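2 protein chains.
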Amino acid sequence: MENQNISDIIEAYLKQILADSQEVEIRRSEIANQFNVVPSQINYVIKTRFTIQDGYVVRSKRGGGGYIRIEKVKLLDNLDFIDSLVTAVGDQITRHDGLAIVRSLFEAGSINRREANIMLAAIDKSAINTGSREVDERIRARVLISILDHLRYES
Amino acid sequence: MENQNISDIIEAYLKQILADSQEVEIRRSEIANQFNVVPSQINYVIKTRFTIQDGYVVRSKRGGGGYIRIEKVKLLDNLDFIDSLVTAVGDQITRHDGLAIVRSLFEAGSINRREANIMLAAIDKSAINTGSREVDERIRARVLISILDHLRYES
DNA sequence: GTTTTCTTGACTAATATTGACTAATATTAT
DNA sequence: ATAATATTAGTCAATATTAGTCAAGAAAAC
Numbered sequence: 002m003e004n005q006n007i008s009d010i011i012e013a014y015l016k017q018i019l020a021d022s023q024e025v026e027i028r029r030s031e032i033a034n035q036f037n038v039v040p041s042q043i044n045y046v047i048k049t050r051f052t053i054q055d056g057y058v059v060r061s062k063r064g065g066g067g068y069i070r071i072e073k074v075k076l077l078d079n080l081d082f083i084d085s086l087v088t089a090v091g092d093q094i095t096r097h098d099g100l101a102i103v104r105s106l107f108e109a110g111s112i113n114r115r116e117a118n119i120m121l122a123a124i125d126k127s128a129i130n131t132g133s134r135e136v137d138e139r140i141r142a143r144v145l146i147s148i149l150d151h152l153r154y155e156s
Numbered sequence: 002m003e004n005q006n007i008s009d010i011i012e013a014y015l016k017q018i019l020a021d022s023q024e025v026e027i028r029r030s031e032i033a034n035q036f037n038v039v040p041s042q043i044n045y046v047i048k049t050r051f052t053i054q055d056g057y058v059v060r061s062k063r064g065g066g067g068y069i070r071i072e073k074v075k076l077l078d079n080l081d082f083i084d085s086l087v088t089a090v091g092d093q094i095t096r097h098d099g100l101a102i103v104r105s106l107f108e109a110g111s112i113n114r115r116e117a118n119i120m121l122a123a124i125d126k127s128a129i130n131t132g133s134r135e136v137d138e139r140i141r142a143r144v145l146i147s148i149l150d151h152l153r154y155e156s
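If you're matching them up, the sequences are chains A and B in order.
Convert by adding 1 to the 1-based position in the first sequence; the result is the number in the working numbering.
Convert by adding 1 to the 1-based position in the second sequence; the result is the number in the working numbering.
Hints may contain errors.
Because identical chains cannot be distinguished in the list, a pair is counted as satisfied if it fits within a single copy or across any two copies.
[What the hints assert, rightly or not] Here are the computed lysine-lysine pairs in the PhoX-like style, where the Cα-Cα straight-line distance is at most 25 Å:
#	residue 1	residue 2
1	LYS62	LYS16
2	LYS75	LYS126
3	LYS62	LYS126
4	LYS48	LYS62
5	LYS48	LYS126
6	LYS73	LYS16
7	LYS126	LYS73
8	LYS62	LYS75
9	LYS75	LYS48
10	LYS16	LYS48
Honestly, the hints are just simulated from the structure, not real lab data.
This structure is a prediction, so every number in the text was calculated from the model and none was measured.
Produce the entire structure from the sequences given, and follow the hints as far as they go.
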């Protein structure tokens, strides 16, 4: 074992629970208290160590009875492909190139025609049209990547 | 699971009754008493969890013999249904209400789980996040309506 | 010495709970 | 009939209870 910082320790704690069960639900302040760190460090640990690339989906709720729930998901075998598309999208993308991304998914068999059409509708000009082409391209990129990330696992 | 808030518990209680019957009729003060909350919390639960987007219609009467009646709505044919959702979306919509829209589509059988997840990814915070809540809500509305419009043609 | 990662806390956002006040309807008294 | 009273539900704003974001400084890695 190398020199472990507290983030690593919290990560290990959560992953140990996840070794036995499909998901773990915590109250942020409780865990923060338990490990004697500020609450926002829990967000840091989750953001850096429980990403979708790692095979985790995180949901949360604020307010009374709030929680953070980390779920282990079964990743599909198209990960490298999705990765390459995410890279291709980058942080902004034209409609034309977005169309090509969706077509790639369809032709690879990752999505069917109906799903492709839903994706196209989501990045269409009628959907994303703020008046600034640059802003539109950034939003389109994020919408696409958000969808691509969901195609990584079974749901 | 273990630390649910009382609003969730009341929601679950009502929905359990609605699982067996088309509607449920309550006396507000009785339920408030039963769950040991103030009466107006029942209004909160209904307002946040039994909206028309969720597929419920609520009627009530004040005065002696007053009641609150929650009815599970029978969905119309697909076109009218999508029309009603488009109307419900309007020109801006919160994530919470957007979620309810997608859930309605799913529960109505208009889309399957995979399609629902694609839609949710498209309107997620990770996808639409310009820094202005108002702008986000407008974009979210347009993305949703664009997808809803495409769902008309295909079915 | 520079860059990356970690830690911290101030500020923000979402959701839940509560209660004072209001409105509608029913019942009773005149 | 009409007015007064009782009995419901509705609205709204204040407060409480959570989690999220972001940026600055510290520590570690390179």
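Hint check:
1. LYS62 with LYS16: both (21 Å within a copy, 20 Å between copies)
2. LYS75 with LYS126: between (31 Å within a copy, 23 Å between copies)
3. LYS62 with LYS126: between (33 Å within a copy, 14 Å between copies)
4. LYS48 with LYS62: both (16 Å within a copy, 18 Å between copies)
5. LYS48 with LYS126: Classified as both; 23 Å inside a copy, 15 Å across copies.
6. LYS73 with LYS16: Intra 10 Å, inter 28 Å, cutoff 25 Å: intra-copy only.
7. LYS126 with LYS73: For LYS126 and LYS73, the Cα distance is within 25 Å only across copies (21 Å; inside one copy 29 Å).
8. LYS62 with LYS75: within (22 Å within a copy, 30 Å between copies)
9. LYS75 with LYS48: Answer is within; shortest intra-copy Cα gap is 19 Å, inter-copy 36 Å.
10. LYS16 with LYS48: within (14 Å within a copy, 34 Å between copies)
Consistency note: the structure conflicts with none of the earlier hints.
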